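One line per chain: the protein sequences are A and B, in this order.
With my numbering applied, the first sequence closes on residue 324, and no number is skipped along the way.
With my numbering applied, the second sequence closes on residue 1490, and no number is skipped along the way.
Hints are computed from structural coordinates only; laboratory data are not their basis.
Computed from a predicted structure; not experimentally measured.
Don't be surprised by glycine CBs; every beta carbon is placed ideally from N, CA and C.
Among the clues, some could well be false.
Stated by the list, open to error - The calculated lysine to aspartate or glutamate pairs, modelled on DMTMM-like cross-linking and capped at a C-alpha distance of 25 Å, are:
1. Lys1111(B) - Asp157(A)
2. Lys71(A) - Glu1079(B)
3. Lys274(A) - Glu1289(B)
What the hints assert, rightly or not - Sample of chain B residues facing chain A (criterion: CB under 8 Å; computed from the structure):
4. Trp1106
5. Leu1109
6. Gly1110
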Amino acid sequence: MSWWNNLQSILSGWTDRRTGARRLGVGVCLLVTLFFPRVFPAFSEEAPVGLSAHRHLGVVGFYNPRLMYVKYQQLVDYLTETTGDRWDLAVTMDYEETVKSLCSGKLDLAYLGPFTYLRMHEACGATPVVRLNTKGSAIYRSLIMVRQDSPYRTLSDLRGAVFAFGSPLSTSSHLVPRLMLRDAGIKPGEGLTCQYFGHHDRAARAVVMGTADACGVRDIVGERFAKRGLRILARSDPIPNFPLVVRPGASPEFRKVLMQALMERPERDPEIRKRMQGWDEELAGGFAPVSASDYLPVRRLVGLLFGKRGLVDPAELLKCGGNG
Amino acid sequence: MRLGLRTKFFLYSNTLIIVTMGVVAVLGITFERKSRYEAIVNRARSLTEIFAIPVTDALMYEDLGLVSESGLIENTIDEVVRRNRDLIRYVVVVEPSGRVAYSNRWELLGKPFPRILDQGAVGAEPTTEILQTEDGERILEVRMTLNISTKFWGFLAAGFSLRPVEQAVAAIGKQVAVIALILMLANSILTALYVETLIRPILALNDRMKRAGRGDLSVRSDDRRGDEVGELAGAFNRMMDELEEAQKIDIVRQFQLAHTEKMAAVGTLAAGVAHEVNNPLAGILACSENLEAALDDPEMVKRYLGLIRDGLRRIERTIQNLLDFSRARDMTLEPTSINHNIYHILEMTAYQLKSHGIEVTMELNSEDPLVLADHFQMEQLFLNLILNAIQAMPEGGTLSISTAVVNGFLVAEVADDGVGIPPGILNRIFDPFFTTREVGEGTGLGLTVSDTIVRAHGGSIEVESEKNRGTVFRFRLPFPDGAAKLGRST
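Next up, chain A with everything else stripped away, as it sits in the complex (with noise of 0.2 Å):
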């Protein structure tokens, strides 16, 4: 842990001391970063692709352990009969602790959200090799829930209501659905109280069992509640799909290897597109191709909302109003 402490300590020295030297050396830090991968040291040994090496998928913990397991074991399956590696599920429940694993090369590939992504990138230079395309799009949206019988008809209605959110790291349950009430005159942690309940699934529910008046949820899980008492009172702007995201000084080989595993030989063969459709549904419309770039929307909204410490500042500093 003690390098997640100095990385910390080292960025954090960075933006506090606040010199143009210091910003001048973040930004090229950051272009190389985003451009030159490789240049960051690898943490750890690399196993030469396809020699049944052991690898790990890491997974935010969106979910209950056992239905991470239910969803993304068939990716893992796959993954090990393309690639030539032995593939397993690294279940994580903590958003910050998928970056250190992915950082520290103990995973080799992460499934997490924008924002998640944004701060590993800004942690260890890791970079995205494909994105999810859930039902056919790379792009998904925040979905702002209220219950079916409540009064609420607008974003602006929902002054002085209590907000669920899902972890503060997440994007779709917290950053954007923020954003979302703050273009609605609403400002949460003053006209709003803020509750975070660690998962999309929770916040849903909150609001359900009647906790709390509103929540900001991914679109499929709120497609879901809609059928369960809750219905959509706003949909953000799009933002892009959760990434893949590959280990800092992964080989070009390797990322190869994903490529043709997750895009090309899909691409070309139907019967493998066939066996996607089978995977849950976040997973059942394949991979699209991804860049460093396309995550920009997501970077310039964190700094909307958090200003730049908002990348490396501990969750609990991102909580609006402070409360949980």
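Got chain A sorted already, so can you dock chain B onto it with the hints?
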């Protein structure tokens, strides 16, 4: 309506089958319903109890902040419902506050659950209750608390459809009905076969008995069966043997009676016979005297001898008639002219009729029909009836005799206009030894024998009488082969 043995046996055995099957079916279905119901209650309780464990664990970890429930309970509910789709209609996880937190029935989420278990139910057995849904489905609801020791996280309610049990029981009911139907059909066939082997000899025996009852004493039943029916047939046969033996004795006795009666009639005719003999005898005597006086004249001798021979021949014929009539004979059936019999008997009784001042009128069928009969018995029959009529007309009168063919029968009537028979004794006149005359004036068998003769020829005799107006005896004899009558050969 009288039911035959076959029908009775059939109805009895099928009723027995229906009742037995009915009782078995009701008991079986009741037992089956009970055991299936118990099985589903046990299964429902087991499922609910086992299902409560991961739900409680998920709630506990969530509560402790160790592992987020985030979707697990809903997923588990979906899984359990999917795997028991035939049975589970709903699963509901209810918070301690009484509101539905998780369910596969989304419309219930967040709403108060109507049937509450509270902290007080911790440690108790699961509650079961049968509910009726709006569409008529019966639901077994099992409710149990979600707790570890006395720590209470709410409760779980699961609704199990009883429809599969009800359908299964209904299917068993149908199967039992089909089996009962098959058994009834099989029983019907077996009964029919059994009736043929068991009841047929009884029915055959019954048939023989009826024939025997109609007078055919020669019938015998098959007594080779080793069972009670065979014994019955044997007893019947022995009885028939005895009856036949008795009948033979009776026939002999009747024959003797008939002969006795005939002799009596001959006695009655004696005066007439004497008269018949006496007249030629007087002539013969006179001729013999005259012959003596005219021995020289061959012409006269020859003439007187001729007259003597004629007289003797007349006597011989008279005597021969009487002998013929009085001789005992076996019954011989042959085409017989009833008209001829009547003429002959009138000739034999001419003296009696004349001496009693009785006039005879006859209306005989001109076609002279022949019946198959015993010539001498027919003559005896007419003799009896004519003598009877003579005795009924002591002051003289008219004897009317007629023959006719009516409906394929020869009908003959012998009527007098005498004293008549009192109505009180009319039904006894054919009884043996019944007589209204003084002792020694008759045998009392005349009409009995007449009746016997007519019946022996397959005919019937009846009597009509009115006091001081006369009596009519009417008998009918069948022609051979029913309506056909024997034509007289020309």
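Supplied contact hint for Leu1109(B), tested at 8 Å Cβ to chain A: Cβ of Leu1109(B) sits 5 Å from chain A, so the hint holds.
So if I understand the rule, the pair passes when the alpha-carbon distance is 25 Å or less; does Lys71(A) with Glu1079(B) pass? Since the Cα atoms of Lys71(A) and Glu1079(B) sit roughly 14 Å apart, the hinted pair holds (cutoff 25 Å).
Tell me if the interface restraint on Trp1106(B) is satisfied: Cβ within less than 8 Å of some Cβ in chain A. holds, 4 Å
Sort out whether Asp157(A) lies within 25 Å of Lys1111(B), counting only the CA atoms. holds, 24 Å
25 Å Cα cutoff - pair Lys274(A), Glu1289(B): violated, 161 Å
Gly1110(B) as an interface hint toward chain A, with CB separation required under 8 Å: holds, 5 Å
Consistency with the previously given hints fails for number 3 only.
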